[in-house]
Amino acid sequence: MLIHARHFATGQSIAVSSDAGRVVSITDSANTPDGWIAPAFFDIQINGGHGLGFTNPALTPDHVRTIADLCRTHGIGGFCPTVITAALDTQLHAFRTLHIAAERDPELDNRIPAFHLEGPYISPDDGPRGAHPKAHARHPNWDEFRRLQDAAGGRIRILTMAPELPGAVTFIERVTAAGVQVSLGHTAATAAQIANAVNAGATLSTHLGNGCHATLPRHDNYIWEQLANDQLMASVIADGHHLPPAVLKSLIRGKTPGRVILTCDAGTFAGSAPGRYSDWGGEVEVLAGGKIVVPGTPFLAGSGVFTDHCVSGVLRWGGVSLGEAIEMASIHPRTLLGLPVPTLAVGGCGPFVLFDWQPGEEVTIRRVVG
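If you read the sequence shown in the working numbering, its first letter stands for residue 1, the second for the next number, and so on.
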């Protein structure tokens, strides 16, 4: 395969020759570039799409493959299927099904090398809990987590939890010692509780600025504390709904682009037409423009878009370059998880994404290769 495209970081027109997904040569190109080329996106938090969700007692391996194929059309070469707060039996079924799907399908195995458990060890309070069901929010439990990890075949690599819960610090120490990245989210923690969690091994903040109370003290609050902590990376959702443009830019400038991971947090009904939808977990409403909310409340229920849309958003509102946006969406998440990073160099491997983009316009995906 020979591709003529612009390098995402330099803008230089290059000719990339590859064989079986491995880069054989890269040279300057005098041809008209076929868009841009970059490492394919890797999203650490995808819950589903087009009416299919991973946290579902009826999930099948075919459903998993359908969601993965949908993600690929949005430039996502890999992602973390995310299972949220639910009854234990539902979570166990979800992780068993994900593990079986990956074991049976080598291509899918490459696309979902790690799973994300978001909850159930989260704040039960309105606001920080977000759209997670209150009935299933519970305290950290090591034996329960081990059951979930066993069901997942050891693939749970990110756990989002609230560090203020009883026993959280000891639990974080055990989870991180087992090779899992602990992320702080859906929390109402104090400054001391956040610091204790970081000292115990927490490395990330989940969708910083969301999963919060509607109003907070202007100075003493858990957003600032996580933003200021240099030991925490932060994921952000740049869909135009979860964070106002000024907040998105401020969070990125405060955390610095090098400590930010871009996620879409696509929900079960991402990509669906406006209307009310329900599944086993309850009812949500998709509004015009793709915003998804808990009906009758201001609380968001995941995102209605995918990672390509969020790359467009961070380019429009985040005050970053194309190279920085790609690093947030492709390189940083893989680095966090210790996964191979696709490199545009001789001997490097994909997957790569080809896309069109002009400043001020949307990113348009052509295809994922490799």
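Accuracy of the hints is not assured; some may be wrong.
Only pairs whose alpha carbons sit at most 20 Å apart, straight line, appear in this in silico SDA-like list of lysine to any residue [what the hints assert, rightly or not]:
1) Lys249 x Asn221
2) Lys134 x Glu107
3) Lys134 x Gly281
4) Lys134 x Arg104
No wet-lab data here; the hints were simulated from the structure.
To see whether the hints hold, each was checked on the structure:
Taking the CA atoms of Lys249 and Asn221, the gap is about 19 Å. The hint holds against a cut of 20 Å. For the given pair, Lys134 sits about 36 Å from Glu107 by alpha-carbon distance, which is inconsistent with the 20 Å threshold. Annotation: proposed proximity of Lys134 to Gly281 holds, straight-line Cα distance about 11 Å (limit 20 Å). For the proposed pair Lys134 and Arg104, the alpha carbon gap of about 35 Å is over 20 Å, so the pair is violated.
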